[in-house]
Amino acid sequence: MKNDAEMTNIQILGIAGGAILLIFVLELVRRKKLLEGYALLWILTCVGLIVFSFWQKLWEEIAQLLGIFYPPAVIFLLTFIFLVLIVLDLTIKISKLTEQNKQLVQRIGIEGIKGKKRDKRNKGIKREGDRW
Amino acid sequence: MTNSIKVLTAIPAKNESSQLLKTIAEIFKTQKDIDILVVNDGSSDKTAAVAEKAGATVISLYSNLGIAGAREAGFKYAKENNYDILVQMDADGQHDPKYIKNLIKPLLLNKTDVVIGSRFLRAQYSNQTSRPRYIGISLLSSILTFLTSQKITDPTCGFSAYNKKAINILAKNYPSDYPEPEVPIILYRAMLKFKEIPIKIRPRAGGQSSISYKKALYYFTKVLLGIFITCIRKIEK
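The listed protein sequences correspond, in order, to chains A and B. Sequence positions in the first sequence follow this note's numbering and run 1 to 132. Sequence positions in the second sequence follow this note's numbering and run 1001 to 1237.
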């Protein structure tokens, strides 16, 4: 492979960027600032970016197939697609949290009444006990 | 009312302490055998204390969920406490409790599953809303009438009554954001019957409901999206 000897600047940028982001994401996971489940798409993005940057022939062919005149733009396209996926994934998770939060708030409200009724009953028993 | 039938009125309330006492007292005056549930939707005033003092049961939502979440809490409470009929109404005094009787009646006679109040069923009650709102409401009515193949004249009215079947379905499938226009579609898809009865809305006690064209358009777009989603969403039985 003659590409290995001579890497273009855009390849170096892709690899370095991917690697730095990957290390950053892994560090966040290690410190529990980011849950594994949420990190998965990020890790995939980074790995994809690195692999893709190495594999010049693949993106040159994809570029030709799609009629992209500037082949490295394929890398950006791919990164963009992944970012869209990550954002979509985030909104799905926010929706789920919103739903869970709603159910939790309603549940606490409804259970709160039960607690109050129980307290009232207990008070009644005590008063009766006092009389005797 | 028969003794064996348990009726609950659910009133979502956010910072309504000034109106609530009057509203609750009025309900108790017109309907003796009725339980009142106030869903205190994250109020910062004394709504909960006022409601309790007036004799209502109070669910306090820790954070503000909005009208849909508060109404849904009413459905869940009614379901869990085995109520036969649930009446939903507003706290601000616009809904006259004298209509509760009319709302419940078709349910007691087993004629339908849900009764919804309508301001526009009688011509003399029609002039009760601002113009941009009225345009939106007419459009929505046509869309809902088309989708449910049943005449719906007032798709934004929250004053309504539900029997046990409807309580069960709506406790599980209540819409988010602006619930009223989506409810008929859920009912239609769950094969429940509903009908409208004429009501007259009283003027708002505090200030006017001023909906501008811009706001009406935003509301309308969001409701349209909601209606579309409700049409394709799975209904839990």
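Rather than coming from a laboratory, the hints here were simulated on the basis of the structure. Hints may be right or wrong, so weigh each one.
[Unchecked claim] Straight-line Cα separation of at most 27 Å, DSS-like style, residue types lysine-lysine; simulated pairs:
| id | chain 1 | residue 1 | chain 2 | residue 2 |
| --- | --- | --- | --- | --- |
| 1 | B | K1172 | B | K1214 |
| 2 | A | K117 | B | K1164 |
| 3 | B | K1200 | A | K116 |
| 4 | B | K1215 | A | K114 |
| 5 | A | K93 | B | K1151 |
| 6 | B | K1053 | B | K1079 |
| 7 | B | K1053 | A | K116 |
| 8 | A | K116 | B | K1222 |
| 9 | B | K1029 | A | K116 |
| 10 | A | K120 | B | K1165 |
| 11 | B | K1079 | A | K120 |
| 12 | B | K1234 | B | K1014 |
| 13 | B | K1200 | A | K114 |
| 14 | B | K1029 | B | K1151 |
| 15 | B | K1234 | A | K96 |
| 16 | A | K116 | B | K1215 |
| 17 | B | K1032 | B | K1200 |
| 18 | A | K117 | B | K1022 |
| 19 | A | K96 | B | K1172 |
| 20 | A | K116 | B | K1151 |
| 21 | B | K1053 | A | K120 |
| 22 | A | K114 | B | K1172 |
| 23 | B | K1079 | A | K117 |
| 24 | B | K1079 | A | K116 |
| 25 | A | K102 | B | K1215 |
| 26 | B | K1172 | A | K117 |
| 27 | A | K102 | B | K1165 |
| 28 | B | K1006 | A | K120 |
| 29 | B | K1237 | A | K116 |
| 30 | B | K1032 | A | K102 |
| 31 | B | K1172 | A | K102 |
| 32 | A | K93 | B | K1172 |
| 33 | A | K114 | B | K1053 |
| 34 | B | K1079 | B | K1215 |
| 35 | B | K1032 | A | K114 |
| 36 | A | K114 | B | K1014 |
| 37 | A | K93 | B | K1222 |
[Said to hold, decoys possible] Pairwise CB distance ranges (calculated):
| id | chain 1 | residue 1 | chain 2 | residue 2 | range |
| --- | --- | --- | --- | --- | --- |
| 38 | A | N122 | B | Y1062 | 17 to 25 Å |
| 39 | A | L34 | B | K1234 | 27 to 35 Å |
| 40 | A | L88 | B | K1032 | 30 to 38 Å |
For each residue, glycine too, the CB sits at the ideal point set by N, CA and C.
Evaluated hints:
Among the hinted pairs, K1172 (chain B) with K1214 (chain B) is inconsistent with the structure: their alpha-carbon atoms are about 33 Å apart, more than 27 Å. In summary, the hint linking K117 (chain A) to K1164 (chain B) is supported, as the alpha carbons are separated by about 24 Å, within the 27 Å threshold. Distance restraint check for K1200 (chain B) and K116 (chain A): the Cα-Cα separation of roughly 37 Å exceeds the 27 Å cut-off, and the hinted pair is therefore not satisfied. Using a Cα cut-off of 27 Å, the hinted pair K1215 (chain B) and K114 (chain A) is violated, with the two alpha carbons roughly 40 Å apart.
A hinted pair counts as satisfied when its Cα atoms are at most 27 Å apart, and K93 (chain A) with K1151 (chain B) does not qualify at roughly 39 Å. Pair hint K1053 (chain B) plus K1079 (chain B) holds up; C-alpha atoms about 25 Å apart against a cutoff of 27 Å. At most 27 Å may separate the alpha-carbon atoms for a hinted pair to count; K1053 (chain B) and K116 (chain A) meet this at roughly 14 Å. Distance restraint check for K116 (chain A) and K1222 (chain B): the Cα-Cα separation of roughly 39 Å exceeds the 27 Å cut-off, and the hinted pair is therefore not satisfied.
As the CA atoms of K1029 (chain B) and K116 (chain A) are separated by approximately 26 Å, the hinted pair is consistent with the 27 Å bound. Proposed proximity of K120 (chain A) and K1165 (chain B) is contradicted: the alpha carbons are some 32 Å apart, above 27 Å. A threshold of 27 Å between alpha carbons decides the hint, and for K1079 (chain B) with K120 (chain A) the separation of about 23 Å falls inside it, so the pair holds. Taking the CA atoms of K1234 (chain B) and K1014 (chain B), the gap is about 31 Å. The hint is violated against a cut of 27 Å.
Proximity of K1200 (chain B) to K114 (chain A) is assessed by CA-CA distance (about 36 Å); at most 27 Å being required, the pair is judged violated. A distance of roughly 33 Å separates the Cα atoms of K1029 (chain B) and K1151 (chain B); the hinted pair therefore is violated under the 27 Å criterion. Note on K1234 (chain B) and K96 (chain A): the hinted pairing holds, with a Cα-Cα distance of about 17 Å set against a maximum of 27 Å. With a C-alpha separation of about 41 Å, the suggested pairing of K116 (chain A) with K1215 (chain B) is violated against the 27 Å cut-off.
Distance restraint check for K1032 (chain B) and K1200 (chain B): the Cα-Cα separation of roughly 22 Å lies within the 27 Å cut-off, and the hinted pair is therefore satisfied. Of the pairs offered as hints, the one joining K117 (chain A) and K1022 (chain B) holds, with about 25 Å between alpha carbons and a cut-off of 27 Å not exceeded. Our distance criterion of 27 Å between C-alpha atoms is met by K96 (chain A) and K1172 (chain B), whose separation comes to about 16 Å. Distance restraint check for K116 (chain A) and K1151 (chain B): the Cα-Cα separation of roughly 44 Å exceeds the 27 Å cut-off, and the hinted pair is therefore not satisfied.
The straight-line distance between the Cα atoms of K1053 (chain B) and K120 (chain A) is roughly 15 Å, inside the 27 Å bound, and the hint therefore holds. The hinted pair formed by K114 (chain A) and K1172 (chain B) meets the criterion: a straight-line CA distance of about 21 Å does not exceed 27 Å. As the CA atoms of K1079 (chain B) and K117 (chain A) are separated by approximately 18 Å, the hinted pair is consistent with the 27 Å bound. With a C-alpha separation of about 19 Å, the suggested pair K1079 (chain B) and K116 (chain A) falls inside the 27 Å cut-off, and the hint holds.
Under the criterion of a C-alpha separation no larger than 27 Å, the hint pairing K102 (chain A) with K1215 (chain B) is consistent with the structure, at around 25 Å. Pair hint K1172 (chain B) plus K117 (chain A) holds up; C-alpha atoms about 25 Å apart against a cutoff of 27 Å. The straight-line distance between the Cα atoms of K102 (chain A) and K1165 (chain B) is roughly 23 Å, inside the 27 Å bound, and the hint therefore holds. Taking the CA atoms of K1006 (chain B) and K120 (chain A), the gap is near 22 Å; set against the 27 Å cutoff, the hint holds.
At most 27 Å may separate the alpha-carbon atoms for a hinted pair to count; K1237 (chain B) and K116 (chain A) exceed this at roughly 31 Å. With a C-alpha separation of about 33 Å, the suggested pair K1032 (chain B) and K102 (chain A) falls outside the 27 Å cut-off, and the hint is violated. Our distance criterion of 27 Å between C-alpha atoms is met by K1172 (chain B) and K102 (chain A), whose separation comes to about 13 Å. Taken as a hint, the K93 (chain A) and K1172 (chain B) pair is honoured in the structure, with Cα atoms around 21 Å apart against an allowance of 27 Å.
With a CA separation close to 18 Å, the supplied pair K114 (chain A) and K1053 (chain B) stays within the 27 Å bound. Annotation: proposed proximity of K1079 (chain B) to K1215 (chain B) is violated, straight-line Cα distance about 35 Å (limit 27 Å). Only pairs whose Cα atoms come within 27 Å are accepted, and K1032 (chain B) paired with K114 (chain A) is accepted, the gap being roughly 24 Å. As the CA atoms of K114 (chain A) and K1014 (chain B) are separated by approximately 22 Å, the hinted pair is consistent with the 27 Å bound.
Restraint check for K93 (chain A) and K1222 (chain B): satisfied, since their Cα atoms lie roughly 21 Å apart, inside the 27 Å limit. N122 (chain A) and Y1062 (chain B) have their C-beta atoms about 24 Å apart, which keeps the hinted 17 to 25 Å range intact. A beta carbon spacing of about 32 Å between L34 (chain A) and K1234 (chain B) agrees with the range 27 to 35 Å that was offered as a hint. In this structure the supplied range 30 to 38 Å is violated for L88 (chain A) paired with K1032 (chain B), their Cβ-Cβ distance being about 54 Å.
Violated hints for the displayed structure, listed by number in ascending order: 1, 3, 4, 5, 8, 10, 12, 13, 14, 16, 20, 29, 30, 34, 40.
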